[in-house]
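Trainee: One-letter residues, chain by chain:
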Amino acid sequence: MADEAATFALAPARVHEAEGPGRRAFALWQAARHDGPLIWALPAHAPHLPMLRGLPEEVGARLHVIRPGSEVDLLWSVEECLRSPGVALVIAEPSSPLSLIAGRRLQLAAETGQTTGLMLILEGQGSNAAETRWQCAPLAGESRDSTLHRWDLKKNKKGTLRFWTANWNGKTSALHLVPAAGKRDQSAETSR
Amino acid sequence: MHCLNVAAESQGLQRGMALADARAICPGLVTRPADLAREAAALAALRRWVERYSPMVARDGADGLVADITGVPHLFGGEADLRGDLHARLTRAGMSATSAIAETRGAAHALARHGEGIVEEGALTDGIGPLPVTALRIDGDTAQALTRMGLKRISDLMAQPRAPLARRFGTGLVLRLDQALGHQPEPVSPEADLPQFSARMTFPDPIGLQADVMKGLARLLERVCVALAQHQRGARRLRLELHRVDHETAQVEIGLARPMRDAGRIKALFTKGVDEVDAGFGIEALRLTAHVTERLAPEQIGQGRPLRQEDALADLFSTLGNRLGFDRVLRLLPAQSDIPERSFIIAPAAHSAPEESPPQCGPARPITIFPPEPVTTRGGGRPGHPPSAFRWRRMAFTTLRATGPERIAPEWWFDDPAWRTGLRDYWRIETREGPRLWLFHTPQAAAWAAQHWFAQGEFA
Numbered sequence: 001m002a003d004e005a006a007t008f009a010l011a012p013a014r015v016h017e018a019e020g021p022g023r024r025a026f027a028l029w030q031a032a033r034h035d036g037p038l039i040w041a042l043p044a045h046a047p048h049l050p051m052l053r054g055l056p057e058e059v060g061a062r063l064h065v066i067r068p069g070s071e072v073d074l075l076w077s078v079e080e081c082l083r084s085p086g087v088a089l090v091i092a093e094p095s096s097p098l099s100l101i102a103g104r105r106l107q108l109a110a111e112t113g114q115t116t117g118l119m120l121i122l123e124g125q126g127s128n129a130a131e132t133r134w135q136c137a138p139l140a141g142e143s144r145d146s147t148l149h150r151w152d153l154k155k156n157k158k159g160t161l162r163f164w165t166a167n168w169n170g171k172t173s174a175l176h177l178v179p180a181a182g183k184r185d186q187s188a189e190t191s192r
Numbered sequence: 001m002h003c004l005n006v007a008a009e010s011q012g013l014q015r016g017m018a019l020a021d022a023r024a025i026c027p028g029l030v031t032r033p034a035d036l037a038r039e040a041a042a043l044a045a046l047r048r049w050v051e052r053y054s055p056m057v058a059r060d061g062a063d064g065l066v067a068d069i070t071g072v073p074h075l076f077g078g079e080a081d082l083r084g085d086l087h088a089r090l091t092r093a094g095m096s097a098t099s100a101i102a103e104t105r106g107a108a109h110a111l112a113r114h115g116e117g118i119v120e121e122g123a124l125t126d127g128i129g130p131l132p133v134t135a136l137r138i139d140g141d142t143a144q145a146l147t148r149m150g151l152k153r154i155s156d157l158m159a160q161p162r163a164p165l166a167r168r169f170g171t172g173l174v175l176r177l178d179q180a181l182g183h184q185p186e187p188v189s190p191e192a193d194l195p196q197f198s199a200r201m202t203f204p205d206p207i208g209l210q211a212d213v214m215k216g217l218a219r220l221l222e223r224v225c226v227a228l229a230q231h232q233r234g235a236r237r238l239r240l241e242l243h244r245v246d247h248e249t250a251q252v253e254i255g256l257a258r259p260m261r262d263a264g265r266i267k268a269l270f271t272k273g274v275d276e277v278d279a280g281f282g283i284e285a286l287r288l289t290a291h292v293t294e295r296l297a298p299e300q301i302g303q304g305r306p307l308r309q310e311d312a313l314a315d316l317f318s319t320l321g322n323r324l325g326f327d328r329v330l331r332l333l334p335a336q337s338d339i340p341e342r343s344f345i346i347a348p349a350a351h352s353a354p355e356e357s358p359p360q361c362g363p364a365r366p367i368t369i370f371p372p373e374p375v376t377t378r379g380g381g382r383p384g385h386p387p388s389a390f391r392w393r394r395m396a397f398t399t400l401r402a403t404g405p406e407r408i409a410p411e412w413w414f415d416d417p418a419w420r421t422g423l424r425d426y427w428r429i430e431t432r433e434g435p436r437l438w439l440f441h442t443p444q445a446a447a448w449a450a451q452h453w454f455a456q457g458e459f460a
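Keeping their order, the protein sequence lines are chains A and B. Each residue of the first sequence is one higher than the one before, counting from 1 in my numbering. Each residue of the second sequence is one higher than the one before, counting from 1 in my numbering.
The set of hints was computed from the structure by calculation and includes no laboratory data. Predicted, not measured: the structure shown is a model, and the values here were computed from it. One or more of the hints may lead you astray.
Stated by the list, open to error - SDA-like, lysine to any residue: derived pairs with alpha carbons at most 20 angstroms apart:
#1 B:LYS272 x A:TRP76
#2 A:LYS171 x B:PRO358
#3 A:LYS157 x A:ARG104
#4 B:LYS267 x B:MET214
#5 B:LYS267 x B:GLU248
#6 B:LYS267 x A:PRO85
#7 A:LYS171 x B:PRO363
#8 A:LYS157 x A:LEU100
#9 A:LYS171 x B:GLN360
#10 A:LYS171 x B:LYS267
#11 A:LYS171 x B:GLY404
#12 A:LYS171 x B:THR403
#13 A:LYS155 x A:GLU93
#14 B:LYS272 x B:ARG219
#15 A:LYS171 x B:CYS361
#16 A:LYS171 x B:ARG237
What the hints assert, rightly or not - Okay, the calculated bits of chain A under chain B, using three or more residues with CB under 8 angstroms as the criterion:
#17 19 to 27
#18 39 to 53
#19 67 to 76
#20 83 to 92
#21 132 to 141
#22 165 to 175
Don't be surprised by glycine CBs; every beta carbon is placed ideally from N, CA and C.
Full structure from sequences and hints, please.
Mentor: Structure representation (structure tokens):
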């Protein structure tokens, strides 16, 4: 169990990226696994909000939502949060492509504050400075009590690329890997 | 008419007169609406100034001050000189005032309002005897009744036997009379000054460098924080005023995410504001005020990690709040409502404490919620069943599995425009394409049946 979850653990003090329709679920699972205050930075114009009653256990009370009015303010506040030693995980939803400068600044801030960051980006709007990039999508489950997620590690600066099918019900930090009939166990591609 | 100046009084106008009457008597009358709050503030300021004559100064009614100057007059060269000094200074400040000095508070009050002057020691009976009975701080009815009986002056009252007076007019009149004559003690109780959390600093030469300003600020902060610690309070907002040589004033204001009196950490928040200030030809004075403070009991420090983390988080929220606004740094709090939109409150993190959610029971809730978005269904499905295929956000979905319905009724005591369509049946729809959506149906809505499906959330 612990071993299974460890494969998805984000490297500490780095900034990661997640894209795809299941990126918010992935972010919440990471939030449940991080111990300490959590920050979720959303643009003020974003229609959606995390719903308190649907969040995993213990996440709701630790979660803080920041709603900056502009993209520059959002990046600035994410950088400030990453720089602060009091935060465990910073989740942010930038609405425009991250430039290399922005990505690099965020990495440096994460190193200063020893904080992990997770950018929920739109398809193809990430920055090359990201430590890992995950493609996340919900999968239709075969049975009623399975909520499957396909988490595809598309970019990894220190390791190989893989994909997993995980069964996570959105309530706890517990997770089950589904033995996947994947053909591409070890990808031949090199990291970007 | 609330208040009038000497010129108006000489025309025969009086307090309490109707404005129309006053205009009829004196057509050239200039009037302004009375601002009682500012008047009270001015009186409070004047009270602080009068403390130069005595430490015991109190407000006396809405327009008077009373000071206990026992043992003070010789410092000013006698009572007459003291009073002269007071009047000279008030006149120079543009204020007209009447004053009186007497042995008792009651006598001074009476004399100050009905011809001013000084009552020599031991001459109290002669001093206030000729004054009308209204000067005794008695209510209008009593005064009128006394006048009707022919008792117009205080000396008339003094000559009367006390027992019938008390029986007829109550003990209040006798008490006031005794207080005026000194038979009953009446001390002056000065108001306690509210603690002022401010400090200022003037420089022999104007300064212009940012480092110098920050150094000055550090000294001011130290003083303010000591004052805050003495009164067990913490600053919530601070204002730094920088007075320039050309009489311009620049202001830097900061807010704090929680009450604080730690000089070093507050100073860091001023850095950005001070950086933006234009020093012009130089800054000659600094003034720092903590104008919003809150109670902050002393805390044990050095408890290790949790407290440091809390401090770091509070610092972070102060920084974020000062740039973005404190209403953009939020926290989710549970609320007592089954309506999805109102099942949680978004509260500013700086003004709320985290709350544990009650344990989750009942049907599952999505992880994200958004305003209802219409879902296009194809064809009329079976009534009471979710659509087998639908389009949402220009994507086509096929229903694989549906859990529900969960019927949520609007709160009838709360008129929410979004819930005017009546009941909602919520379904958790698992689609073949992957996304698990939270759809609802409004069976009571009047419109065309296919329009009744909406998406409101996404599950994990």
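Trainee: All hints, please: hold or fail.
Mentor: A quick look at each hint next to the structure:
1. B:LYS272 x A:TRP76: At roughly 14 angstroms apart (the allowed maximum being 20 angstroms), TRP76 of chain A and LYS272 of chain B satisfy the hint.
2. A:LYS171 x B:PRO358: holds, 14 angstroms
3. A:LYS157 x A:ARG104: holds, 14 angstroms
4. B:LYS267 x B:MET214: holds, 8 angstroms
5. B:LYS267 x B:GLU248: Judged against 20 angstroms, a Cα distance of about 23 angstroms means the pair is violated.
6. B:LYS267 x A:PRO85: At roughly 19 angstroms apart (the allowed maximum being 20 angstroms), PRO85 of chain A and LYS267 of chain B satisfy the hint.
7. A:LYS171 x B:PRO363: With Cα atoms ~12 angstroms apart, LYS171 of chain A and PRO363 of chain B stay inside 20 angstroms; holds.
8. A:LYS157 x A:LEU100: Holds, at roughly 15 angstroms.
9. A:LYS171 x B:GLN360: holds, 10 angstroms
10. A:LYS171 x B:LYS267: violated, 43 angstroms
11. A:LYS171 x B:GLY404: Cα-Cα ~19 angstroms, so holds.
12. A:LYS171 x B:THR403: holds, 17 angstroms
13. A:LYS155 x A:GLU93: holds, 19 angstroms
14. B:LYS272 x B:ARG219: holds, 18 angstroms
15. A:LYS171 x B:CYS361: holds, 12 angstroms
16. A:LYS171 x B:ARG237: At roughly 40 angstroms apart (the allowed maximum being 20 angstroms), ARG237 of chain B and LYS171 of chain A break the hint.
17. 19 to 27: Three-residue rule met by the segment 19 to 27 of chain A, so holds; n is 4.
18. 39 to 53: holds (count 8)
19. 67 to 76: Since three or more residues must qualify, the claim that chain B covers the segment 67 to 76 of chain A holds, with 5 doing so at under 8 angstroms.
20. 83 to 92: holds (count 4)
21. 132 to 141: That given contact holds, which follows from 5 residues of the segment 132 to 141 of chain A lying within Cβ reach (below 8 angstroms) of chain B.
22. 165 to 175: holds (count 4)
In the structure shown, a violation is registered for the earlier hints numbered 5, 10 and 16, in ascending order.
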